[in-house]
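**Q** Given chain A's structure and the hints, the job is docking chain B onto it.
Keeping their order, the protein sequence lines are chains A and B.
The first sequence: position 356 = 356 (my numbering), numbered continuously.
The second sequence: position 195 = 195 (my numbering), numbered continuously.
It is worth saying that the hints were derived from the structure and are not from the lab.
Note that beta-carbon positions come from the ideal geometry of N, C-alpha and C, so glycine has one too.
Treat the hints with caution; some may be incorrect.
Said to hold, decoys possible - Reference listing, derived: stretches of chain B covered by chain A, where coverage requires no fewer than 3 residues with Cβ under 8 Å from a Cβ of chain A: (1) 351 to 359; (2) 424 to 430.
What the hints assert, rightly or not - According to the in silico footprint, chain B covers these stretches of chain A (three or more CB under 8 Å from chain B): (3) 82 to 92; (4) 98 to 107; (5) 116 to 126; (6) 308 to 316; (7) 326 to 335; (8) 435 to 444.
Number of protein chains: 2
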Amino acid sequence: MRSFDVVVIGAGPGGEVAAGRLAEAGLDVAIVEADKVGGECSYYACMPSKALLRPGELLAEARRTPGVAAAVTGDLDVAAVLRRRDELIGGLDDAGQLPWLAERGITLVRGWGRLAGEKRVRVGDEILEARRAVILAGGTRAALPAIDGLADAEPWTNRAAVTTPVIPESLIVLGGGVVGSELSQAFTSLGARVTLIPGERGLLPREEPFAGEQVAQSLTEQGVDIRIGARAQAVRRTGLGVDVTLSDGVTVTAAEILVAAGRTPQAADLGLDTVGVDSPRVDENMRVPGSSWLYVVGDLNGKALFTHMAKYQAAIAAGDILGEPMAAEHLADGPGSPRVIFTEPQVAAVGHTTATAAAAGLDVRVIDLPTDGNAGGAFTGGPRGTARFLVDTDRDVLVGVTLTGSNVADFLQAATVAVVGEVPLRRLRHAIPAFPTRSEVWLYLFNALGI
Amino acid sequence: MRSFDVVVIGAGPGGEVAAGRLAEAGLDVAIVEADKVGGECSYYACMPSKALLRPGELLAEARRTPGVAAAVTGDLDVAAVLRRRDELIGGLDDAGQLPWLAERGITLVRGWGRLAGEKRVRVGDEILEARRAVILAGGTRAALPAIDGLADAEPWTNRAAVTTPVIPESLIVLGGGVVGSELSQAFTSLGARVTLIPGERGLLPREEPFAGEQVAQSLTEQGVDIRIGARAQAVRRTGLGVDVTLSDGVTVTAAEILVAAGRTPQAADLGLDTVGVDSPRVDENMRVPGSSWLYVVGDLNGKALFTHMAKYQAAIAAGDILGEPMAAEHLADGPGSPRVIFTEPQVAAVGHTTATAAAAGLDVRVIDLPTDGNAGGAFTGGPRGTARFLVDTDRDVLVGVTLTGSNVADFLQAATVAVVGEVPLRRLRHAIPAFPTRSEVWLYLFNALGI
Chain A
1 MRSFDVVVIG AGPGGEVAAG RLAEAGLDVA IVEADKVGGE CSYYACMPSK ALLRPGELLA
61 EARRTPGVAA AVTGDLDVAA VLRRRDELIG GLDDAGQLPW LAERGITLVR GWGRLAGEKR
121 VRVGDEILEA RRAVILAGGT RAALPAIDGL ADAEPWTNRA AVTTPVIPES LIVLGGGVVG
181 SELSQAFTSL GARVTLIPGE RGLLPREEPF AGEQVAQSLT EQGVDIRIGA RAQAVRRTGL
241 GVDVTLSDGV TVTAAEILVA AGRTPQAADL GLDTVGVDSP RVDENMRVPG SSWLYVVGDL
301 NGKALFTHMA KYQAAIAAGD ILGEPMAAEH LADGPGSPRV IFTEPQVAAV GHTTATAAAA
361 GLDVRVIDLP TDGNAGGAFT GGPRGTARFL VDTDRDVLVG VTLTGSNVAD FLQAATVAVV
421 GEVPLRRLRH AIPAFPTRSE VWLYLFNALG I
Chain B
1 MRSFDVVVIG AGPGGEVAAG RLAEAGLDVA IVEADKVGGE CSYYACMPSK ALLRPGELLA
61 EARRTPGVAA AVTGDLDVAA VLRRRDELIG GLDDAGQLPW LAERGITLVR GWGRLAGEKR
121 VRVGDEILEA RRAVILAGGT RAALPAIDGL ADAEPWTNRA AVTTPVIPES LIVLGGGVVG
181 SELSQAFTSL GARVTLIPGE RGLLPREEPF AGEQVAQSLT EQGVDIRIGA RAQAVRRTGL
241 GVDVTLSDGV TVTAAEILVA AGRTPQAADL GLDTVGVDSP RVDENMRVPG SSWLYVVGDL
301 NGKALFTHMA KYQAAIAAGD ILGEPMAAEH LADGPGSPRV IFTEPQVAAV GHTTATAAAA
361 GLDVRVIDLP TDGNAGGAFT GGPRGTARFL VDTDRDVLVG VTLTGSNVAD FLQAATVAVV
421 GEVPLRRLRH AIPAFPTRSE VWLYLFNALG I
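Just chain A, same shape as in the assembly (with noise of 0.2 Å):
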């Protein structure tokens, strides 16, 4: 039985991040992984689907940019883009990935890893054991919702739209999340025919509605057709490509279809029992309730599923395990994650929401603004866009921000060090945007508030 300090589940961002600080500090790891070192992200989520959308958002850009139209005379060239994000995912080959692990001493373990008594880990016929600790990060994947006719209809989740090698003339998206509503425009810009059915909640549902009628309004005019209201109800794949009859009786018809309905935590087979742990749920460690031994870090313990607050809070475990612990409570973790949705315009947003911070109680003062209504935004020539703030009065900062426009996903940092850092607006009012950049935004902030 190989003994380590510390077994790592996962070798996704999060479980990557842990076992490099954990082995960096001299421990001893090991890192277990079924599929690609390097996770979801790396492969099928994050880096290819930015890979399919910046070149259409690029051109865009151009086109409507005075002096530029004029040198852009063809279309996308869809194999590029492709090759391109090719590249970017290592042709689904994680060999680039390993030289990492190797320069950490980390021992990397090929198989589906589960929990076997008390820090033990069970990867086929072997068990490891882990003397200190035993760090779950298995993730998620695509949840499957149960409409008739869907499993057999051989969709897509994300792994196959991401790293389809051409782009079907036609498209039917269910989901109208994150990943629905960026993939609706990415395939949108190289060329397929798309109709995005976002289901009940509508586009976006856990940002401000603006976002999301925002985005809608965009999609339709880049030339996705979104079937708002109505529901699929059965889905049949025929000799031509998927027939999908929604709920208002009409049939719709493409060559694939895309399932992008949310994600579900891989829980399942992980061994849980054998510790006796229902839910893999953590305190503010990351560490499972009443274990002195048992971390749960990224998507599968439910916090937050970004790639970036899987390597936070990968970062907060391995601290807790080496007795430098760092967690912090502030309202930019959680649900307040800050987030990016890559999208025209793109959705920036931290901290609270207005339903949110009324759901918490939050006596706020919301603050919308243009956010290209400055002397930055006219070289843009973008989205309008929004700038909502939400101003917790009482206590003098900022509690929320959500940002929509062309290339905002950079002006979010300066939103979450300002909720994080709970700077006083009064001090928030003296750092001062450059003129004439889009930051400006801030600048108006102060005014509205009379400051």
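**A** Using the frame of chain A, we list chain B on its own:
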């Protein structure tokens, strides 16, 4: 004699913001302007220069992005770029700015304003009384260095350059500061053959040395002929254009010459002597020391020659006049003001550089990271760029950040909030950048600090 609560001299960004804040608070305000309401920035500096820069920058990104490159077959439409520039500067007519003053009940007095004794301003034959305060916001004009023949050679300053109706076949640029660097790039992208003579201090001498080096390398790659180390010794306009004799004996020739050798405060004819003041220097409330009624805001006081800081100073002066002082001591004021240079790579900085930190006797830890050395950087294909973070280890806060890279202008606000907010690093560490955004440069900072 007309009488007002406050008379503001100069209707640039600083003067306008001061007048607007005071008028909105109910004061009776006059604003005196000899040129255009809106000031240098709107017509002759920030706005038109960005209008000339952005198209070339965007086209370069399109050309280097796989999948988009193939769609770009033509060149910039220079006429379209100039038309858009003309729109943004309102055709050099300030009529569009007047309603903003009128809506606030601000009286516009056209003419050159100068002090004429305590609380008195002369404009032509008229004397205006300022019952509470006078605010000087007269700005700067381009400095003309004492180079043999330069004044007689009809040189362009920023004004002629950014408003030119045609792009000259060739251009010599004297000066390697912000204006010289930005306009060298703009004119190159618009088809001019540009020779840049940065002078002895090289490019961008106030910023971290790597910034000027990277911009110099990029400008060279873009086709600018940079004469490092040479000084212009004599200038002659000939029938064909302009000859410049350099200190190394070489003569360079171009159709036009642009002088970008710094700015001179327009203080000479302000009547400061009539109130016994020798300099437009001010205290933290923008008040002239010893005076209860005389304020100076914007470039004229020499604190920080930026539109955004002029507007900031205007708010401080207005607050002091209204009995609502807002001045605060922090690093991102004066020489440490947030600043963005819109070259490729862009340069964005706040707070100290290593040089100014050393001069201030600060013990800083310097962390250098590649700006695009993260997943988000994989999608921009831009110049690599450097992010330098200066950590005050005693106080556990950031005291300076310099970022170079493609489109980093809006990265700066996060750094500014961190520096101004004095967010402790161990708290800042919880401000998690979203994956895969380029803002992960912050995560790499935390990793480098071992936190």
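**Q** With reference to the structure, classify each hint as holding or not holding.
**A** Hints and how they fare:
Using a Cβ-Cβ cut-off of 8 Å, 0 residues of the segment 351 to 359 of chain B lie near chain A, which falls short of the minimum of three, so the contact claim is violated. Restraint check on the segment 424 to 430 of chain B versus chain A: 5 residues with Cβ-Cβ distances below 8 Å, three needed, restraint holds. Coverage of the segment 82 to 92 of chain A by chain B holds. Counting CB-CB distances below 8 Å, 3 residues qualify, and the rule asks for three or more. Residue count for the segment 98 to 107 of chain A with a Cβ under 8 Å from a Cβ of chain B: 0. That is fewer than the three needed, and the coverage hint is violated.
With 0 residues having a beta carbon nearer than 8 Å to a beta carbon of chain B, the segment 116 to 126 of chain A misses the requirement of three or more and the stated coverage is violated. With 4 residues having a Cβ less than 8 Å from any Cβ of chain B, the segment 308 to 316 of chain A passes the three-residue criterion, so the hint holds. Judged by the Cβ-Cβ criterion of 8 Å, the segment 326 to 335 of chain A is covered by chain B as claimed, because 5 of its residues qualify and three suffice. Using a Cβ-Cβ cut-off of 8 Å, 8 residues of the segment 435 to 444 of chain A lie near chain B, which meets the minimum of three, so the contact claim holds.
Comparing the model with each earlier hint shows violations of hints 1, 4 and 5; every other hint is respected.
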